[in-house]
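Protein chains: 2
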Amino acid sequence: MKIFFATSFSSKIDSEGKVLPEFRASIEKLLSRYEAQGHEVFCAVRAENWRIAAQDPVMALKLDLQHIKKADKFVALLDEQVSAGVQLEIGYALALGKEITLLAVLDAKLGWTNQALMKLTNVQYETV
Amino acid sequence: MKIFFATSFSSKIDSEGKVLPEFRASIEKLLSRYEAQGHEVFCAVRAENWRIAAQDPVMALKLDLQHIKKADKFVALLDEQVSAGVQLEIGYALALGKEITLLAVLDAKLGWTNQALMKLTNVQYETV
Chain C
1 MKIFFATSFS
11 SKIDSEGKVL
21 PEFRASIEKL
31 LSRYEAQGHE
41 VFCAVRAENW
51 RIAAQDPVMA
61 LKLDLQHIKK
71 ADKFVALLDE
81 QVSAGVQLEI
91 GYALALGKEI
101 TLLAVLDAKL
111 GWTNQALMKL
121 TNVQYETV
Chain P
1 MKIFFATSFS
11 SKIDSEGKVL
21 PEFRASIEKL
31 LSRYEAQGHE
41 VFCAVRAENW
51 RIAAQDPVMA
61 LKLDLQHIKK
71 ADKFVALLDE
81 QVSAGVQLEI
91 GYALALGKEI
101 TLLAVLDAKL
111 GWTNQALMKL
121 TNVQYETV
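Quick note, the sequences are listed as chains C and P, same order. Residue 43 in my numbering sits at position 43 of the first sequence; the count goes up by one each step and never skips. Residue 1 in my numbering sits at position 1 of the second sequence; the count goes up by one each step and never skips.
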């Protein structure tokens with residue numbers, strides 16, 4: 001199964017734009033879990049080699065949306081700090097009728113929208 | 001034309017859950033502008049009579065998504081504080097190929113995602 005894995009990383013980088021090692025390790029662990037099950041996973045921050053993209057933001061956004069279209073399943077890692085990009089991608093996946101899994105750390109305080117979202121029929125919620 | 005007007009109001013309410021008068025007036029002004037042009041506008045906060053809904057959040061979310069589906073045009077009022085709900089709805093409208101207008105106050109500092117979004121072909125940007 002093709003999986004699109006959405007996560008925000010703009011607040012998880014060092015002064016040189018490189019993703020913080022601890023955050024990278026936590027994402028790699030999650031991606032490995034899916035890949036060990038035989039799934040093919042696209043994750044933008046990994047595809048961009050764990051740095052804030054030098055890539056044109058418009059091209060990067062379009063590429064993400066294309067990958068969501070092609071995916072069978074959409075997984076988003078939620079954070080208490082709302083991500084404009086992750087939320088947009090969730091809405092995009094939702095409209096396309098994708099199977100959706102929302103991941104959040106145990107006890108994360110999620111807002112009204114994401115709490116409602118978890119209760120939709122094609123949305124699963126898991127703590128990590 | 002049917003317009004869906006998305007705005008966050010969870011941070012614009014008083015202690016009783018009622019929308020602050022100044023914010024309400026600013027939204028009503030924007031809605032009137034579209035209605036004066038003959039458009040039919042759905043705006044959740046107005047439909048909920050300018051209070052945080054007593055309505056079940058899941059039903060409210062589903063209702064919003066249904067209204068986006070039926071709309072010809074999707075308008076979102078952006079704020080520097082990212083709204084999980086508005087972003088989700090933008091993504092939903094985008095996947096459905098709706099004509100999208102993003103509104104923001106002049107000089108609002110918008111993040112990476114919304115700046116990229118403005119440059120997509122079916123997305124217009126206007127300051128209010």
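Heads up, some of the hints might be wrong.
The list makes no distinction among identical chains, and a pair is therefore deemed to hold if it is satisfied within one copy or across any two copies.
Claimed, not checked - Below, simulated DSSO-like cross-link-like pairs (lysine-lysine); rule was C-alpha separation at most 27 angstroms, straight line: (1) 62 to 73; (2) 70 to 109; (3) 109 to 62; (4) 109 to 2; (5) 119 to 18; (6) 69 to 119; (7) 109 to 69; (8) 70 to 119; (9) 109 to 12; (10) 73 to 12.
Read the hints as simulated data drawn from the structure, not as lab findings.
Are the CA atoms of residue 69 and residue 119 at most 27 angstroms apart within a copy, between copies, both, or neither?
both (23 angstroms within a copy, 20 angstroms between copies)
Check residue 73 against residue 12 for me: Cα-Cα at most 27 angstroms, and say if that holds within a copy, between copies, both or neither.
within (25 angstroms within a copy, 35 angstroms between copies)
Give the relationship of residue 109 and residue 2 under a CA distance limit of 27 angstroms: within one copy only, between copies only, both, or neither.
The answer is neither: 29 angstroms in one copy and 35 angstroms across copies each exceed 27 angstroms.
Given identical chains, is residue 109 near residue 69, meaning Cα to Cα at most 27 angstroms, within a copy, between copies, both, or neither?
neither (29 angstroms within a copy, 29 angstroms between copies)
For residue 119 and residue 18, with the copy left unspecified, which applies at a CA distance of at most 27 angstroms: within, between, both, or neither?
between (35 angstroms within a copy, 26 angstroms between copies)
Given a CA cutoff of 27 angstroms, do residue 109 and residue 12 count as a within-copy pair, a between-copy pair, both, or neither?
Answer is both: 19 angstroms inside a copy and 20 angstroms across each meet the 27 angstroms cutoff.
Within a copy, between copies, both or neither: which one fits residue 70 and residue 109 at a CA-CA cutoff of 27 angstroms?
neither (31 angstroms within a copy, 32 angstroms between copies)
For residue 109 and residue 62, with the copy left unspecified, which applies at a CA distance of at most 27 angstroms: within, between, both, or neither?
So residue 109 and residue 62 pass the 27 angstroms test across copies only (22 angstroms; inside, 30 angstroms).
For residue 62 and residue 73, with the copy left unspecified, which applies at a CA distance of at most 27 angstroms: within, between, both, or neither?
For residue 62 and residue 73, the Cα distance is within 27 angstroms both inside one copy (18 angstroms) and across copies (20 angstroms).
How do residue 70 and residue 119 come out at 27 angstroms by Cα distance, when the copy is not named: within, between, both, or neither?
both (24 angstroms within a copy, 22 angstroms between copies)
The earlier numbered hints that this structure contradicts are 2, 4 and 7.
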